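Line order of the protein sequences matches chains D and Z.
Using my numbering, you'd call the opening residue of the first sequence number 1 and step up by one each time.
Using my numbering, you'd call the opening residue of the second sequence number 1001 and step up by one each time.
Hints in this document: simulated from the structure, not taken from any laboratory.
Computed from a predicted structure; not experimentally measured.
C-beta: ideal position from N, C-alpha, C; glycine also.
Treat each hint with caution, since some may be false.
Cross-link-like lysine to aspartate or glutamate pairs, in silico, DMTMM-like; alpha carbons within 25 Å at most [stated by the list, open to error]: (1) Z/Lys1124 x Z/Asp1040; (2) Z/Lys1010 x Z/Asp1113; (3) Z/Lys1243 x D/Glu217; (4) Z/Lys1243 x D/Glu159; (5) Z/Lys1090 x Z/Glu1123; (6) Z/Lys1355 x Z/Glu1321; (7) Z/Lys1010 x D/Glu61; (8) Z/Lys1066 x D/Asp182; (9) Z/Lys1082 x D/Glu159; (10) Z/Lys1066 x D/Asp227; (11) D/Lys197 x Z/Glu1109; (12) Z/Lys1066 x Z/Glu1099; (13) Z/Lys1124 x D/Asp227; (14) D/Lys127 x D/Asp407; (15) Z/Lys1066 x D/Asp179; (16) D/Lys156 x Z/Asp1300; (17) Z/Lys1056 x D/Glu80; (18) Z/Lys1355 x D/Glu55; (19) Z/Lys1056 x D/Glu159; (20) D/Lys406 x D/Asp147; (21) Z/Lys1243 x D/Glu347; (22) D/Lys547 x D/Asp504; (23) D/Lys575 x D/Glu564; (24) Z/Lys1124 x D/Glu166; (25) Z/Lys1066 x D/Glu217; (26) D/Lys197 x Z/Asp1297; (27) Z/Lys1056 x D/Glu55; (28) Z/Lys1190 x Z/Asp1177; (29) D/Lys197 x D/Glu159; (30) D/Lys272 x D/Glu77; (31) Z/Lys1124 x Z/Asp1051; (32) Z/Lys1190 x Z/Asp1113; (33) Z/Lys1355 x D/Asp622; (34) Z/Lys1243 x Z/Asp1051; (35) D/Lys156 x Z/Glu1049.
If we take Cβ atoms under 8 Å as the criterion, some of the chain Z residues that face chain D in the derived model are [said to hold, decoys possible]: (36) Met1117; (37) Ile1119; (38) Asp1233; (39) Ser1241; (40) Gly1245.
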Amino acid sequence: MSSPSHAAGHASARPTPPPDRIRVVVATDCGSTTTKAILIQQQPDGSYRQTHRGEAPTTVEEPFADVTIGVSNSVTELQELSGRRLVDDDGCIIRRTSPDDPNGCDIYISTSSAGGGLQMMVAGVVKQMTAESAKRAALGAGAIVMDTIAANDQRKPHEQIQRIRELRPDMVLISGGTDGGDSKKVVELAELIAPAKPRPRFGSEYRLPIIFAGNKEAAPAVRRVFDGPGFDLAVVDNLRPVLERENLGPAREKIHDVFLEHVMAHAPGYDKLIAWTDAPIMPTPGAVGDILQEIARQRGINAVGVDIGGATTDVFSVFDHAGSPVFNRTVSANLGMSYSISNVCAEAGMANVLRWVHLDMDERELRNRVKNKMIRPTTIPQTREALVFEQAVAREALRLAYVQHKDFATTLKGVQQQRTVGDAFSQQEAGRTIVDNMKLDLLVASGGVLSHAPRMEQTAAMLVDSFEPEGFTELAKDSIFMMPHLGVLASVHSKAAMEVFERDCLILLGTSIAAKGTGKLGKACFSYSISGGGLSERGTMAYGEVKLLRLAAGQTARAEITPERGFDVGAGPGKPISREVRGGTVGLVLDARGRPLSLPEDPQQRRATIARWVKALELYPD
Amino acid sequence: MAKAYTPGLKVSARTRHRARRLLPVPGEVRVKQGDRVSADTVVAETFTEGDLTPMKLASLLGCTPKELPSLMLKPVGAAVTKDEPIARSKGIFGFGKVEVKAAATGVLESVSDSSGMAIIRGEKLPIRVLAYMPGQVVEVLPAEGVVIENDASLVQGIFGVGGETFGTIALACKSRDEELHEDLITPAMKGAVIVGGARMTATAVRRARDVGAAAVVSGGMDDQDLRDFLGYDLGVAITGSEKTGLTVVITEGFGEISMARRTFALLAAHAGRPASVNGATQIRAGVMRPELVVPLDGLDPSKLSGLEAAKDSGHESGVLEVGTLVRVIRDPHFGVIGTVAALPEQPAVLGSGSKARVLEVAVENAGRITVPRANVELIEG
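So here's chain D without its partners, still in its complex pose (with noise of 0.2 Å):
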């Protein structure tokens, strides 16, 4: 369906060395608030490591207003820790001259998501069909979609128009109709939203970018219906050239291009941000998505990353479909941990967060807390029940998110299916999810409430009470947000981003060992017997319990799984499975409490069962 969307070809001021000339890299982030940079350099071994870290504020908002300001103070951190000078007099990143030259750096390159990030808005024929493939070419090149609009999304023509007009886009993607098919209903679209001027962010000067991506036939009425002053329209390949196949290659390039020349051209110091540059500037999910394929494509596994932050939670997933690798992102936009806690609470109910929780606690108070958060965003949990309550919270955003996820990276829908008489006993519809989570072997978790956890453990806890991932999954997390930097360096870099992701951006965890099934509460579950790495065990695991074995990071064992009938671990149900799995911080959790996880419904059962989880886990110690 995709594939990396790199960003060669893109326009740049400085062309970029060959990767055999790259030794010193500087790599920046330029958050909403902070801009992270970060110092990747070659060893005498030839290998590629993350050696310094700086930040410093964000300034693209006045009184600077000067994204560069930001990224040379930033960067001017990462010369004090590392006693390299990278940036003159002018407040400029210095190239090296020579391979011998000891300041300055080989490349350096960016990501951006001040300002906001890139907002779309997208519109398709059909909901299910071309706006849909339309919203994951938007996504994938790592955009925030403000709103949908399609011919039969259930509002009436003036209730779009009115929704048009209340957005401000950066760019417009307009898809729909198959190549040679109906021109009609695209075109009408173009109608609707060329009259209703959807108004920029950057004011009335600016020219709104509006991307075809549909029937190619109906390009020269489209072109017709934005031949005005205001619009700026690109006509790239259909993202849906056929019901059976997506191309969302073409319309994602365009997207960059566009962030590129048009949104940030318009953001303060961009231009100047753009020459200094070695490579195109990416957004930065697009970069985050980029790094999460190439993993997945080098080590040829099936990946799930999520990065949850204040106001929106991020879940990338890559997963082999049909013998190909499809990559699909979702932006959860009001689940967060501060600006939106109050709207996690209110989606997934109280009820459900506090199921979470084993300690008593006052429903009134807490939600009076939730409010003082999302007001507050900036506090920290002081006390272990509100550190408790918050990573309560954050099990509920990130079920909710994958759950979102889930229903958004489906097979193509619309795919008219041929079916012979045997299929009416395996009926496998169009639509449905490609996340198995069975098949998927790596999870990697970024974000405030996951990486700043007091403990190791309660990262993982968190990741496999909202993942629930089944059979053999390697949980990671983010050191230090470094997915962003390495997204774009792969685009020049492929080995050096790499191996800067496996040794010094992952941190292993560990790996979950969990049966799919339910069953009865203490019966046997699965026996285990898991050998090397200082570890000897063996045992049988009852349903609704949890285990944590020790095996440290580095450290490999064998481990041998018989499941009882009714439960799978991957080979299927009440097959045995041997594997070797790696050990990580937090080492190997063994997990019987059965997919889909259940809690009892009795409050003083539940709260006693998840003292269990939390005392196995060891996630509060005295």
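With chain D's structure known, arrange chain Z on it following the hints.
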């Protein structure tokens, strides 16, 4: 001396307050530089393009999009009235002609021979910007709006709902820690900005709305009560457009919390004076806090003398240093007010197990407490 920076809410007895009053789209400014305006003066006005009404004419007529232009009874650009015939099919041998009537009044903006759709644009819609705050027009931004200035007392709240309004301050509570109950609200408070003390109850807020008050301001409120008042659970703190008929501002936070001493004293000193209130709150991307502005026109200066003295504490704005007045904004000490007693350099391990930089706060009659630096805010003058 150790210093750190932290955000705070402004509570000021006297400040030169400026209000930028801008149109969302270019238009006409109705006042001149130097004009004195009252809160309800229209300072700028414009018209937005009218609503669009699309009509699938080709489908309605049973023709192809290409045939449509020849079947139109009205040309593009013509004024049309609702239910006026605008297109007619040819029928078969002149029989069975279908006539389509305009779905709205306006101008026929376009007729597409690609999609068969016609669009009628309705009459222009007026947008008016009021002065909101009495004062003097000190700057005219041509076609955009004006800047109005006045000496005023300013109280920023922490959270509010409802938009801009104005009225006379009516003090309902006798002290900053008295809860605002419905029996304290009287019909005489119609059009007023009601000032409470500590938590305001749901029934008090409803009563304020029922008597026709403009706004109600108090120290705290229960989330459950806010939910009952709004009729839904507020997910994200972007407010100001609620149509609740009453602007509500809380000055300290959610729960049982008293209004800060200085805030209450300031508002009490202004009882009976006109105030402008805006509940609009936005926590993300350009923080906007609700506000209460009391212009000082014709005020006896002695009324504020005691309050103004408190303002000059000799501390730098936004800086957290020993001696600055702070409010703890997270449990377990939520709402406690005290002065910074120490700013240790080294991070400390909190009860949660996290490591964070902390400070010590000296609390009147309660000794010292240690809290994370992230969990305090300045009380700024």
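Each hint, compared with the structure:
| no. | hint | verdict |
| --- | --- | --- |
| 1 | Z/Lys1124 x Z/Asp1040 | holds (23 Å) |
| 2 | Z/Lys1010 x Z/Asp1113 | violated (59 Å) |
| 3 | Z/Lys1243 x D/Glu217 | violated (47 Å) |
| 4 | Z/Lys1243 x D/Glu159 | holds (20 Å) |
| 5 | Z/Lys1090 x Z/Glu1123 | violated (31 Å) |
| 6 | Z/Lys1355 x Z/Glu1321 | holds (21 Å) |
| 7 | Z/Lys1010 x D/Glu61 | holds (21 Å) |
| 8 | Z/Lys1066 x D/Asp182 | holds (15 Å) |
| 9 | Z/Lys1082 x D/Glu159 | holds (19 Å) |
| 10 | Z/Lys1066 x D/Asp227 | holds (20 Å) |
| 11 | D/Lys197 x Z/Glu1109 | holds (14 Å) |
| 12 | Z/Lys1066 x Z/Glu1099 | holds (18 Å) |
| 13 | Z/Lys1124 x D/Asp227 | holds (24 Å) |
| 14 | D/Lys127 x D/Asp407 | holds (14 Å) |
| 15 | Z/Lys1066 x D/Asp179 | holds (21 Å) |
| 16 | D/Lys156 x Z/Asp1300 | violated (58 Å) |
| 17 | Z/Lys1056 x D/Glu80 | violated (66 Å) |
| 18 | Z/Lys1355 x D/Glu55 | holds (19 Å) |
| 19 | Z/Lys1056 x D/Glu159 | holds (16 Å) |
| 20 | D/Lys406 x D/Asp147 | holds (19 Å) |
| 21 | Z/Lys1243 x D/Glu347 | holds (23 Å) |
| 22 | D/Lys547 x D/Asp504 | violated (28 Å) |
| 23 | D/Lys575 x D/Glu564 | holds (8 Å) |
| 24 | Z/Lys1124 x D/Glu166 | holds (16 Å) |
| 25 | Z/Lys1066 x D/Glu217 | holds (16 Å) |
| 26 | D/Lys197 x Z/Asp1297 | violated (44 Å) |
| 27 | Z/Lys1056 x D/Glu55 | violated (56 Å) |
| 28 | Z/Lys1190 x Z/Asp1177 | holds (24 Å) |
| 29 | D/Lys197 x D/Glu159 | holds (14 Å) |
| 30 | D/Lys272 x D/Glu77 | holds (20 Å) |
| 31 | Z/Lys1124 x Z/Asp1051 | holds (8 Å) |
| 32 | Z/Lys1190 x Z/Asp1113 | violated (58 Å) |
| 33 | Z/Lys1355 x D/Asp622 | holds (16 Å) |
| 34 | Z/Lys1243 x Z/Asp1051 | holds (22 Å) |
| 35 | D/Lys156 x Z/Glu1049 | holds (19 Å) |
| 36 | Met1117 | holds (5 Å) |
| 37 | Ile1119 | holds (6 Å) |
| 38 | Asp1233 | holds (4 Å) |
| 39 | Ser1241 | violated (11 Å) |
| 40 | Gly1245 | violated (22 Å) |
Going through the hint list in order, the structure does not satisfy hints 2, 3, 5, 16, 17, 22, 26, 27, 32, 39, 40.
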